[in-house]
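2 protein chains.
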Amino acid sequence: MQEIPQSEIPVLAIDLGGTKIITTIVSRQGQVVAKEYCLTLADEGPQPVIKRIFSSIDRLLSAQSMEPSHLESISMAAAGVIDSERGLITTSPNLPGWCNIPLRDTVKEKYRVATFLINDASAAALGEQHFGAGKGIKDLLYLTVSTGIGGGIIISGKLYSGVCGSAGEIGHTTIDVNGPRCSCGNIGCLETLASGTAVAREAIRRISHGEKSSLAGMVSGKIEDITAEEVDIAAAGGDSLAREVILQAATYLGVGMVNLVDIFNPEMIIVGGGMAKMGDRLLNPARRVVMERAFRLPAQAVRIVPAQLGDDAGVIGAAVFAFQQSLTRRTR
Amino acid sequence: MQEIPQSEIPVLAIDLGGTKIITTIVSRQGQVVAKEYCLTLADEGPQPVIKRIFSSIDRLLSAQSMEPSHLESISMAAAGVIDSERGLITTSPNLPGWCNIPLRDTVKEKYRVATFLINDASAAALGEQHFGAGKGIKDLLYLTVSTGIGGGIIISGKLYSGVCGSAGEIGHTTIDVNGPRCSCGNIGCLETLASGTAVAREAIRRISHGEKSSLAGMVSGKIEDITAEEVDIAAAGGDSLAREVILQAATYLGVGMVNLVDIFNPEMIIVGGGMAKMGDRLLNPARRVVMERAFRLPAQAVRIVPAQLGDDAGVIGAAVFAFQQSLTRRTR
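Protein chains in written order, with the numbering used here: chain A, 1 to 332; chain B, 1001 to 1332.
Since the hints were derived computationally from the structure, they do not count as laboratory data.
Some hints here could point you the wrong way.
To be verified - Calculated pairs, SDA-like style, for lysine to any residue (alpha carbon to alpha carbon, straight line, at most 20 angstroms):
hint: 1; chain 1: A; residue 1: K108; chain 2: A; residue 2: K158
hint: 2; chain 1: A; residue 1: K138; chain 2: B; residue 2: Q1248
hint: 3; chain 1: A; residue 1: K158; chain 2: B; residue 2: Q1248
hint: 4; chain 1: B; residue 1: K1158; chain 2: A; residue 2: V163
hint: 5; chain 1: A; residue 1: K20; chain 2: A; residue 2: I50
hint: 6; chain 1: B; residue 1: K1277; chain 2: B; residue 2: Q1248
hint: 7; chain 1: B; residue 1: K1138; chain 2: A; residue 2: E85
hint: 8; chain 1: B; residue 1: K1277; chain 2: B; residue 2: R1288
hint: 9; chain 1: A; residue 1: K158; chain 2: B; residue 2: V1163
hint: 10; chain 1: A; residue 1: K138; chain 2: B; residue 2: K1158
hint: 11; chain 1: A; residue 1: K158; chain 2: B; residue 2: S1156
hint: 12; chain 1: A; residue 1: K135; chain 2: B; residue 2: V1163
hint: 13; chain 1: B; residue 1: K1138; chain 2: A; residue 2: V163
hint: 14; chain 1: A; residue 1: K138; chain 2: B; residue 2: V1163
hint: 15; chain 1: A; residue 1: K51; chain 2: A; residue 2: E109
hint: 16; chain 1: A; residue 1: K158; chain 2: B; residue 2: K1158
hint: 17; chain 1: B; residue 1: K1138; chain 2: A; residue 2: S56
hint: 18; chain 1: A; residue 1: K110; chain 2: A; residue 2: S156
hint: 19; chain 1: B; residue 1: K1135; chain 2: B; residue 2: V1163
hint: 20; chain 1: B; residue 1: K1138; chain 2: A; residue 2: K108
hint: 21; chain 1: B; residue 1: K1135; chain 2: A; residue 2: V163
hint: 22; chain 1: B; residue 1: K1158; chain 2: A; residue 2: E267
hint: 23; chain 1: A; residue 1: K158; chain 2: B; residue 2: G1157
hint: 24; chain 1: A; residue 1: K138; chain 2: B; residue 2: S1156
hint: 25; chain 1: A; residue 1: K35; chain 2: A; residue 2: S56
hint: 26; chain 1: A; residue 1: K158; chain 2: B; residue 2: A1299
hint: 27; chain 1: A; residue 1: K138; chain 2: B; residue 2: E1085
These figures come from a predicted structure and were not determined experimentally.
Based on the provided sequences and hints, a complete structural model is requested.
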């Protein structure tokens, strides 16, 4: 077989989320050249999920007539607190039962290629910085706002991951010290107040208490089925309860951003994840809170923008991470 | 006159605080070889304070039989939101009337040597990292807890200052979204809940409402004169109100640290400033909150320790900053 030039050897990049597993081939130019999905079925616990990851890799390689040896590496982005140094998922609110699971080495042993594991929001931050909304920006923060809230930190153009690799858990910082307890064990976390889950929960709570909203009709009276996406649709249609609920979450999100602006004085905050699809309905109130409450100098300096890579940010970023690591190894 | 070797040319380093101006000569080895103090008298506004800075520099140079040309540079650490790039104090809660004051260039024009201006807590972070509690640590955070709460961020061994130079305002992050308004304009800031001012305010509030405490006797009944230092003395003597007030502030401080631990996954948090003199009475409850509420991986990784350089951290750090900047200029 003809040898493939270094610059064309791709990464097999995986995004392991609480809902689905996205498995892709990503080129050095950041293009997703092949992709397949399967459900995570996270409730079945780690071993069945790892089997599904293997099957997914095998199917994709087979469909592309590729062998593991044709890969630069395998790189995985996963929801949870990742010990990057040791390749462990130490804990993950969205992957029940994953406690110090050595996912990196398990995959590496099977496929015998270099393998990497990083947090999904950190990966998305890298992806957006190289190929998305943050191109050319040196100091930026990425927030993924969906079921939960994750964060990634880019400093001087590089991913900042802290001493164990778990940095960026912005969703689990307290903004309401007297607020509700979060699934992570902390109190009044940004995630409990501004995530998609929080939006749905608040809409359900208010409608259950007898408030009127077009949302009740949208779910045929099954109030508990309301999602953040439906709240957004209702808000777009002029429903005032839906608008108030989104405004409240956006205000909390703005408070979280004020904290980031005052701590990091960043050039940009990129917002991705399902809730980012709400666009300015979410971002404008958050921007207003930043202008009102953060120090003027950093508030005027920061741009708060939507992500550009959509669902591909995680896998593209995981691939960027792998290419960077390989480069570091080669130049040592 | 004999030429002084490069390695022995010192920096004139100044710490401009809300209460006093410390003016020093600092050697390349981080030694404070000469020092003088004067009161800031900040209420008189910027121009009189700048005159006092000039007088202080003149007196110190004269006492040391030095000329400005004998200095590597002049480096100033100041309380407030600093635009390091442009050398401005943009705003400062402790320096009334300082709004976009070009302190760096004002000093530079008079003394005709390279001049630098950074935030005082950022300077202290650098000082502690080079010559204090953080020697050899690459990723650390410094918190100064006194009248207010300031912060400094060291990443990969270097000061992180953000896109305008104002990063590190950890004291002005919201931890209680329904809390009191802070002098900075934000709501429920860490500073309003955990600073020395907060400790004194809470003790005064409780005693004014009729609660018993030995503090009343300590200030001869002038309740409004109670300071955080006196609350600490009363707590050391077993006063339960004083102990409760400190425990409450320490718990809030712990919440602020949980946020930093989850965001930065740092190797170390160094606590300086007047409140740090409370030692484990302040730090132990804060450490407990971190262990209870932050993610386990970063909580177990971080060491929370008292600062070692005391009041000299700011000037030593300002000197470190100046030596680093000069080195960068020379090697360009």
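Going down the list of hints, with the structure as the test:
Our distance criterion of 20 angstroms between C-alpha atoms is broken by K108 of chain A and K158 of chain A, whose separation comes to about 25 angstroms. Restraint check: the Cα-Cα separation between K138 of chain A and Q1248 of chain B comes to about 39 angstroms, which exceeds 20 angstroms; the hinted pair is violated. Our distance criterion of 20 angstroms between C-alpha atoms is broken by K158 of chain A and Q1248 of chain B, whose separation comes to about 38 angstroms. Between K1158 of chain B and V163 of chain A the alpha-carbon distance is near 15 angstroms, which keeps this suggested pair within the 20 angstroms criterion.
For a cut-off of 20 angstroms, the pair hint linking K20 of chain A to I50 of chain A stands: about 13 angstroms separates their Cα positions. At roughly 17 angstroms between alpha-carbon atoms, K1277 of chain B and Q1248 of chain B fall within 20 angstroms of each other, so this suggested pair holds. Using a Cα cut-off of 20 angstroms, the hinted pair K1138 of chain B and E85 of chain A holds, with the two alpha carbons roughly 16 angstroms apart. For the proposed pair K1277 of chain B and R1288 of chain B, the alpha carbon gap of about 19 angstroms is at most 20 angstroms, so the pair holds.
For the suggested pair K158 of chain A and V1163 of chain B, the alpha carbons sit about 15 angstroms apart, so the restraint of at most 20 angstroms is met. Annotation: proposed proximity of K138 of chain A to K1158 of chain B holds, straight-line Cα distance about 15 angstroms (limit 20 angstroms). This hinted pair checks out: K158 of chain A and S1156 of chain B have alpha carbons roughly 11 angstroms apart, not beyond 20 angstroms. The suggested pairing of K135 of chain A with V1163 of chain B holds, with an alpha-carbon distance near 16 angstroms, which does not exceed 20 angstroms.
A distance of roughly 9 angstroms separates the Cα atoms of K1138 of chain B and V163 of chain A; the hinted pair therefore holds under the 20 angstroms criterion. Between K138 of chain A and V1163 of chain B the alpha-carbon distance is near 9 angstroms, which keeps this suggested pair within the 20 angstroms criterion. Of the pairs offered as hints, the one joining K51 of chain A and E109 of chain A holds, with about 14 angstroms between alpha carbons and a cut-off of 20 angstroms not exceeded. Distance check on the hinted pair: K158 of chain A and K1158 of chain B sit about 14 angstroms apart at the alpha-carbon level, within 20 angstroms; holds.
Restraint check: the Cα-Cα separation between K1138 of chain B and S56 of chain A comes to about 39 angstroms, which exceeds 20 angstroms; the hinted pair is violated. Straight-line distance between C-alpha atoms of K110 of chain A and S156 of chain A comes to about 35 angstroms, which puts the hinted pair past the 20 angstroms bound. Among the hinted pairs, K1135 of chain B with V1163 of chain B is inconsistent with the structure: their alpha-carbon atoms are about 26 angstroms apart, more than 20 angstroms. For the proposed pair K1138 of chain B and K108 of chain A, the alpha carbon gap of about 30 angstroms is over 20 angstroms, so the pair is violated.
With a CA separation close to 16 angstroms, the supplied pair K1135 of chain B and V163 of chain A stays within the 20 angstroms bound. Using a Cα cut-off of 20 angstroms, the hinted pair K1158 of chain B and E267 of chain A holds, with the two alpha carbons roughly 19 angstroms apart. For the given pair, K158 of chain A sits about 15 angstroms from G1157 of chain B by alpha-carbon distance, which is consistent with the 20 angstroms threshold. Between K138 of chain A and S1156 of chain B the alpha-carbon distance is near 15 angstroms, which keeps this suggested pair within the 20 angstroms criterion.
Of the supplied pair hints, the one linking K35 of chain A and S56 of chain A holds, its CA atoms being roughly 10 angstroms apart against a limit of 20 angstroms. For a cut-off of 20 angstroms, the pair hint linking K158 of chain A to A1299 of chain B is broken: about 24 angstroms separates their Cα positions. For the hint linking K138 of chain A to E1085 of chain B, the alpha-carbon distance of about 16 angstroms falls within 20 angstroms, and the restraint holds.
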